[in-house]
Amino acid sequence: MTKTVSIAPVSKTLTVHATQAHAFETFTAGIDRWWPRSHGVGSTPMVRSAIEPRPGGRWYTVHEDGSEVVVGHVRVWEPPSRVVFSWEISAQWKPDASVASEVEVAFTAEGPRTTRVDLVHRDFEALGPDGGDKLRRDVAGGWPGLLDLFRTVAER
Amino acid sequence: MAYRNALDVLADPTRRRVFERLRRGPLAVGRLASGLPVSRPAVSQHLKVLKEAGLVREEQDGTRRIYRIDPRGLARLRSWLDQFWDTALDAFKAEVEREDDKGTP
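The listed protein sequences derive, respectively, from chains U and R. Going by the numbering used here, the residue at position 25 of the first sequence is 25; the numbering climbs one at a time, nothing skipped. Count along the second sequence from 1, then add 1000; that gives the number in the numbering used here.
Simulated from the structure, these hints should not be mistaken for lab results. It is possible that part of the hints are untrue.
[Unchecked claim] Some but not every residue of chain U turned toward chain R, in silico, with C-beta under 7 Å:
1. L14
2. V16
3. H17
4. R33
5. P36
[As the list claims (entries may be wrong)] Here are the simulated distance ranges between beta carbons:
6. P79/U with P1013/R: 39 to 45 Å
7. A1042/R with S98/U: 23 to 29 Å
8. D118/U with R1040/R: 47 to 53 Å
9. L14/U with K1048/R: 38 to 44 Å
[What the hints assert, rightly or not] Chain U is faced by these chain R residues, among others (derived, beta-carbon under 10 Å):
10. A1088
11. F1092
12. K1093
No residue lacks a Cβ here, since even glycine has one placed at the ideal position from N, Cα and C.
All chains, full assembly: derive it from the sequences and hints.
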């Protein structure tokens, strides 16, 4: 008997004091202004993160050694109210185009300068490759970043 | 730190393969070992470590020991992601609310 292991989605809601359009723009095209440098997946420290603001656009990070790491792609692009990304990072915190969980961010205007942001990260069941080839790859790349990040979170 | 431990444990590529094979469902040690380029005792050793980290659990089925993923171990992974997004969204809020740049209503 095969039993599916399911993991509850991560849901976050926050209210920001900004217009809906500004919140959407900051989250997407402006991601480099706020995405923590510690939240990188590459083998060297992250210097920049970017989201290409269009359907199918890449969400990627650029690293000190010049490499680019794709975090995911824009699946739904509905400015200024909703954006959905694939999240192509495995459970081992390694970029892997063959796995994709999903991040949906909705922006709801609650006032002229008040916007509610609802973020859901779901489909964790898809995390982690099953195939042998992918698992044979060296993980050294993603690992230190993950542990560093974890340390940052744990020591907050 | 339970989650940290789970990460360290999964850093070993062979151990991770053992864990990943269990994602498709519970397996006995023999079945697990048959698809891997390591000996059965080595697989047993990896399973022991995974079990200690709370990532898998075992149960007896007659003479066989069946291993399955322990959802509680995955719950810790989820809780880590939960904190990950808290940190990211704190940073987002700080940026989007900067006094000089809140957008025009």
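Going through the earlier hints one by one, which of them does the structure break, listed in rising order? Failing hints: none at all.
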